[in-house]
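Enquirer: Residue-level listing of the chains:
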Amino acid sequence: MSPLEAHMDAVISVVCGRTGPESLNTLMRDGADIGPRALVYRNSSLLAASDALKSNFQATAAIMGPDFFGAMARAYVDQQRPSDRSLVGYGDDLPDFIAAGEAEHGLPWLADLARLDMAWLMAHLASDDPILDPSVLATLAQTEADLLAATLLFGAHVQIVSCDWQVFALWADLRRGDDVDSERQMTPGEQTVLISRGASEVVFRQLSEGEIEFLTSLQCGQRLEEAVIAGLRAAPDFDISQTLAISLADGLFTALKGTK
Amino acid sequence: MSPVPPSLSLAPRGGLGLKPEHYREVHETGDTSLWVEVHPENYMVDGGPRLTWLEAIRSDRDLSFHGVGASLGGLDPLDDKHFKRLRELIERYQPEQVSEHAAWCTHDGAYYSDLLPLPRTREAQANLINHIEAFQTSIGRRILIENPTNYLPFASEMDEPDFLVETAQRAGCGLLVDVNNIWISANNVGGDARAYIDAVPADLVGEIHIAGHSEDPNLGAALLIDSHGSAVAEPVWQLLDYALGRFGPKPVLVERDADIPPFAELRAERDRADALLLEVARRANVAA
Chain R
1 MSPLEAHMDA VISVVCGRTG PESLNTLMRD GADIGPRALV YRNSSLLAAS
51 DALKSNFQAT AAIMGPDFFG AMARAYVDQQ RPSDRSLVGY GDDLPDFIAA
101 GEAEHGLPWL ADLARLDMAW LMAHLASDDP ILDPSVLATL AQTEADLLAA
151 TLLFGAHVQI VSCDWQVFAL WADLRRGDDV DSERQMTPGE QTVLISRGAS
201 EVVFRQLSEG EIEFLTSLQC GQRLEEAVIA GLRAAPDFDI SQTLAISLAD
251 GLFTALKGTK
Chain Y
1001 MSPVPPSLSL APRGGLGLKP EHYREVHETG DTSLWVEVHP ENYMVDGGPR
1051 LTWLEAIRSD RDLSFHGVGA SLGGLDPLDD KHFKRLRELI ERYQPEQVSE
1101 HAAWCTHDGA YYSDLLPLPR TREAQANLIN HIEAFQTSIG RRILIENPTN
1151 YLPFASEMDE PDFLVETAQR AGCGLLVDVN NIWISANNVG GDARAYIDAV
1201 PADLVGEIHI AGHSEDPNLG AALLIDSHGS AVAEPVWQLL DYALGRFGPK
1251 PVLVERDADI PPFAELRAER DRADALLLEV ARRANVAA
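Line order of the protein sequences matches chains R and Y. Every letter in the first sequence is one number past the one before it in our numbering, and letter 141, counting from 1, is 141. With the second sequence counted from 1, adding 1000 to any position gets you our numbering.
Everything labelled a hint here was simulated from the structure, so no lab data went into it. Cβ atoms here follow ideal geometry from the backbone N, Cα and C, with glycine treated the same way. Wrong hints could be hidden among the right ones.
As the list claims (entries may be wrong) - From the derived model, a few chain R residues whose C-beta atoms are all more than 12 angstroms from chain Y:
#1 C16
#2 R29
#3 G31
#4 A48
#5 A123
#6 D133
#7 Q142
#8 T151
#9 F154
#10 S200
#11 Q222
#12 L248
#13 A255
#14 K257
What the hints assert, rightly or not - In the EDC-like style, the derived pairs of lysine to aspartate or glutamate whose C-alpha atoms are separated by at most 16 angstroms in a straight line are:
#15 R:K54 - Y:D1259
#16 Y:K1019 - Y:E1255
#17 Y:K1019 - R:D51
#18 Y:K1084 - R:D51
Claimed, not checked - Example chain Y residues on the side facing chain R (calculated, C-beta under 7 angstroms, incomplete):
#19 V1045
#20 D1046
#21 Q1094
#22 A1110
#23 Y1111
#24 Y1112
#25 S1113
#26 L1116
#27 P1119
#28 A1155
#29 A1281
#30 A1284
Required output: the full structure, derived from the provided sequences and hints.
Expert: As structure tokens, this is what we get:
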């Protein structure tokens, strides 16, 4: 092992907390005793990655508070160092880490909040795909049969998130920066949330039963006819025309495929 | 777009690190002499508002890319994926300047999100030079490398100014002189900050950084931290004045990465640096 490699191994050991700061004394000028100073590298490395998590999971960080979130973030960073040199999307498996820690924090709904945060981030950073213009729909599918036989492709800026707890209202308030009641009681129950990016801002709303089946069927690549059937099966009063119009106006689709 | 020739550089005026909180205010600032600097890693995304804002801001003012992820001092091979994304950003935004650090941040494939210290040895220098040359070849541009913040007195074979000046001369790059880092390092590990500046040839210097620092919560002023979370300290302003006297007018950037204040507050710091630069230029003209 070269001296440079040995130097780096020793520094990384301190950064990761595997050895104490005194382990770097042998690398110092005249073997100087540096006391706890070398911890600055561990602290700075953890702080940068934790700050990135705080930025990427804003609602989760807000409800947990700086101490609770900070401790959780540092534990996550130690277990899952960034693999990418850009921290912009760091933490994609933080929701799973939070779920696995339920026995310690006792908040079974917290992972759902983090999942919504990550979906918001993915929508925010997604590619700027050209959006399907509703006005050309009639040109692309000249008959109703053509339209029903087609598939609609979603842009990367569209995220559909299923939650096991009814956290959407809390998450939406936190994302908007509204005051929230920290004592608010969470109740179990499925909720599905659509998160997408409009012209510039990320928008979100809770989906109805019919919308969930309709949109997830389309997202799985099923034809429009199959998606309509799925939507009506879930909710007999499901309004397909209105949902399709809203989805087109919200710019969820990038292309129409499978027409003659 | 045609590539920017490597000879292009920033004007010797005051600049600011661009923060998302200030996108709109920077864009609407009429003073186009205010240039901005970003970490390109924060823009390595597929799309979205931050790329759109950067395009709008860049359209009427100078731009500098200051990388933190290349790990030029590291032993890992340079990351092709990282360089591909960097080249794409350079192609799109055509920054006047590209800079990086004389440090390392990856080891055995993992990223440690900090600028970690190199020993100033011949072995470390040869590795750093190889990586700077590969970096410059990869992006087709001459870069600047920044002096590190020192927290520990590592055993070394040469002084830091000698190490960096020789590295720059052999690699064909320039230097980004971070005056705050020099001040912190002198405080933490000893040395004369002004003598450090005296040892750097002016023609190698392409940019200067200033920033705020803080005291270690446990060790106090004995260990200053390069936190970028407060206003620039007065001794650093004085050292900047000295550095500009030595180097002549150079682009000066005010960095702020934590506890981001209102734009007006940062703008006032930038304007102070800009006024200093104009004064240095005036003195140089009088002397000529």
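Enquirer: The structure should be examined with respect to each hint, and the outcome stated for every one.
Expert: Verification of the hints:
no. : hint              : verdict
1   : C16               : violated, 8 angstroms
2   : R29               : violated, 4 angstroms
3   : G31               : violated, 8 angstroms
4   : A48               : violated, 4 angstroms
5   : A123              : violated, 8 angstroms
6   : D133              : holds, 18 angstroms
7   : Q142              : holds, 32 angstroms
8   : T151              : holds, 23 angstroms
9   : F154              : holds, 15 angstroms
10  : S200              : violated, 5 angstroms
11  : Q222              : holds, 26 angstroms
12  : L248              : holds, 20 angstroms
13  : A255              : holds, 17 angstroms
14  : K257              : holds, 22 angstroms
15  : R:K54 - Y:D1259   : holds, 14 angstroms
16  : Y:K1019 - Y:E1255 : holds, 10 angstroms
17  : Y:K1019 - R:D51   : holds, 15 angstroms
18  : Y:K1084 - R:D51   : violated, 26 angstroms
19  : V1045             : holds, 4 angstroms
20  : D1046             : holds, 4 angstroms
21  : Q1094             : violated, 19 angstroms
22  : A1110             : holds, 5 angstroms
23  : Y1111             : holds, 5 angstroms
24  : Y1112             : holds, 5 angstroms
25  : S1113             : holds, 4 angstroms
26  : L1116             : holds, 6 angstroms
27  : P1119             : holds, 5 angstroms
28  : A1155             : holds, 5 angstroms
29  : A1281             : violated, 36 angstroms
30  : A1284             : violated, 38 angstroms
Of the numbered hints stated above, those contradicted by the structure are hints 1, 2, 3, 4, 5, 10, 18, 21, 29, 30, listed in ascending order.
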